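First to last, the sequence lines map onto chains L and V. For the first sequence, counting from 1, position 170 maps to 170 in the working numbering; every step adds exactly one. Each number in the working numbering corresponds to the 1-based position in the second sequence with 1000 added.
No lab work stands behind these hints, which were simulated from the structure alone. Misleading hints may appear alongside valid ones.
So the derived label-pair ranges between C-beta atoms look like this [said to hold, decoys possible]:
#, chain 1, residue 1, chain 2, residue 2, range
1, V, Ser-1055, L, Glu-165, 22 to 28 angstroms
2, V, Lys-1226, L, Pro-87, 31 to 37 angstroms
3, V, Lys-1003, L, Glu-165, 57 to 63 angstroms
4, L, Phe-247, V, Pro-1044, 24 to 30 angstroms
5, V, Gly-1113, L, Met-105, 26 to 32 angstroms
Computed list of lysine-lysine pairs in DSS-like fashion (alpha-carbon distance at most 25 angstroms, straight line) [as the list claims (entries may be wrong)]:
#, chain 1, residue 1, chain 2, residue 2
6, V, Lys-1206, L, Lys-202
7, V, Lys-1318, V, Lys-1301
8, V, Lys-1322, V, Lys-1301
9, V, Lys-1199, L, Lys-202
10, V, Lys-1205, L, Lys-202
Small disclaimer: the values here were computed from a predicted structure and weren't measured. The beta carbon of each residue, even a glycine, is placed where N, CA and C say it ideally should be.
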Amino acid sequence: MAETKVYSRPTTWAKDIHTHYCPGCGHGIAHRMICEVIDEMGIQEETVSMSPVGCAAMMYDYIDIDYVEAAHGRAPATATGIKRVLPDKFVFTYQGDGDLASIGMAEIVHAANRGEKFCTFFINNAIYGMTGGQMAPTTLIGQKATTCPQGRDPELAGFPMRMCEMLATLETPAYIERVSLAKPKYIMQAKKAFQKAFNYQKEGRGFCFIEVLSTCPTNWGMNPVEAFEWQIEKMIPYYPLGVFKDFE
Amino acid sequence: MAKVLMKGTEAIAEAAIQAGCRYFFGYPITPQNEIPEYMSAHLPEHGGIYIQGESEVASVNMILGAAATGYQVMTTSSSPGISLMSEGLSYIAGSELPAVVVNVMRGGPGLGGILPSQADYLQATKGGGNGDYHLMVFAPSTLQETVEVVQSAWDYAFKYRNPVMILADGFMGQMMEPVEITPHETERGDWKNWGLGNKGTREGKKRSLIKSMYLTAELLEAHNSKLQEKYDRMQKEDVKWEELHVEDAELVIASYGTTARIAKSAISHLREQGYKVGMIRPITLFPFPYEPFEKLTDRVKHILDLEMNMGQMIDDVKIATKSRFPVSFYGRCGGVAPSVEEIENQCKQILG
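For reference, chain L alone in the conformation it holds in the complex:
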């Protein structure tokens, strides 16, 4: 019987490398989808990225493309510098919620407003992962974190930031969509969004922003299955999935 290959590691995935991510974390899925799109488009040698600060700081170990490290929150500025010098290369940033929505809020808003022609993948798991479970700007009301042990109180911390909605008020961005990794159907939709973002960059369309609702079972204090269920029950109602802006 002839063998049919149905699954393999992307070529862009660095050889013989295993990630450091916890079981049930969404980073591995998001990384893989980025690699798949790069493979499909045949742009491995044409793609440049910068590692963020946080759990994904070492993503340069997993994805075999040219990489520079960005400071906390500054990836959109660093990407601006790269893309303005290398307009023909594919450039993307990959940032967590603390990186993008807290310390780097100015950089992402202004890069989006300038219409920088790179894509940003915004991994929102509603908590600080690498530093050990502190409150993020995206932590839900009532959600417990090590720096809001009684649950996030809007009197103290304000309400969770909705980045897609905020950036969609700008005239300039080409494409803004929020996706989830909580079930296979959502992952398929997320992959389409990733493909669209890279294709828009190929066409020189302008700034593309994909918010990826992700999971942090370790810091949420759940097992992976509970974490995906929690995301569907709690996160998606506050962070609705869908396209907020599209060039087309």
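Starting from the structure of chain L, add chain V where the hints point.
The following block gives chain V in isolation, referenced to the frame of chain L:
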């Protein structure tokens, strides 16, 4: 090109363009706004790009990204802006990237004022950002020298893969002098081997990974040792200074930048009156020129450190003299420059 009368800030910008700088990212701050204005007007004519960042923090990180491609990039600012850039400068140095930064210094601390000063000597030479790193720091004294320093800055930035800072002050930014600016070809070395976007051209399609993070203690220690070797090499190969009348001097003034210019006039007057005064003028503040101080003979009775601050270089001067001579300080700050008369009086008091 013949000599033309130019303002300091505009001479800096034109010199940078003539040296091949095509990417400028910056944020306006007084007293250096003519540099981004000049760049925004003239870089497009040369196929370059000017982007005004939303802050100094963003601008220096745009510089980091652009420098990582191996092309020639620059930002300019003034003291409080440089403080905001310190995070990025530490990353650029840690990531071993070539970039040129001009600091047209104004008074501080904090918001301070907008008038000329040399109050950022310590920030420029001893850090500013976190970690064991150094910028290569030039302190030119005339506009022609500023032009030459700006043009050679990328040669050093690429030679060492390290940020180079030109430490000017508000006087130098705002004064006008005749300058000659000729095209300068920068030596960029093996930039394609590490510059982002060249993966396809490298042997084995090896990727470039530019970073400052080493989570293993021994690896970070090795990285810091490598950086230190680079700084030691700068000290051996590229330390620069000017000496004036030190052969028979009994009093040696240590001064740099605009202050050294004023001191030259004072020295000229004092010499006419029979006072044996000389000067050592560091041109690189890092690496610091220890050698001319070490060579001073016992004829020297005193060293006078002269700056437009509260005495920031004096420790380096004391280290350089190895306590062989008494060292004192005279300076003005807040935007006040020491006058020729003040310097003469100070020297006469010391010499008795």
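Okay, the hints, checked on the actual structure:
1. Ser-1055/V <-> Glu-165/L: 22 to 28 angstroms: holds, 24 angstroms
2. Lys-1226/V <-> Pro-87/L: 31 to 37 angstroms: Roughly 33 angstroms apart at Cβ, these two residues keep to the hinted range, so it holds.
3. Lys-1003/V <-> Glu-165/L: 57 to 63 angstroms: At 58 angstroms between Cβs, range holds.
4. Phe-247/L <-> Pro-1044/V: 24 to 30 angstroms: For Phe-247/L and Pro-1044/V the Cβ distance comes to about 26 angstroms; the hint holds.
5. Gly-1113/V <-> Met-105/L: 26 to 32 angstroms: holds, 31 angstroms
6. Lys-1206/V <-> Lys-202/L: Roughly 23 angstroms separates the two Cα atoms, so the pair holds.
7. Lys-1318/V <-> Lys-1301/V: Holds: Lys-1318/V and Lys-1301/V sit about 14 angstroms apart, inside 25 angstroms.
8. Lys-1322/V <-> Lys-1301/V: holds, 14 angstroms
9. Lys-1199/V <-> Lys-202/L: Distance ~18 angstroms between Lys-1199/V and Lys-202/L Cα, so the pair holds.
10. Lys-1205/V <-> Lys-202/L: Holds, at about 22 angstroms.
Every hint from the earlier list agrees with this structure, and none is contradicted.
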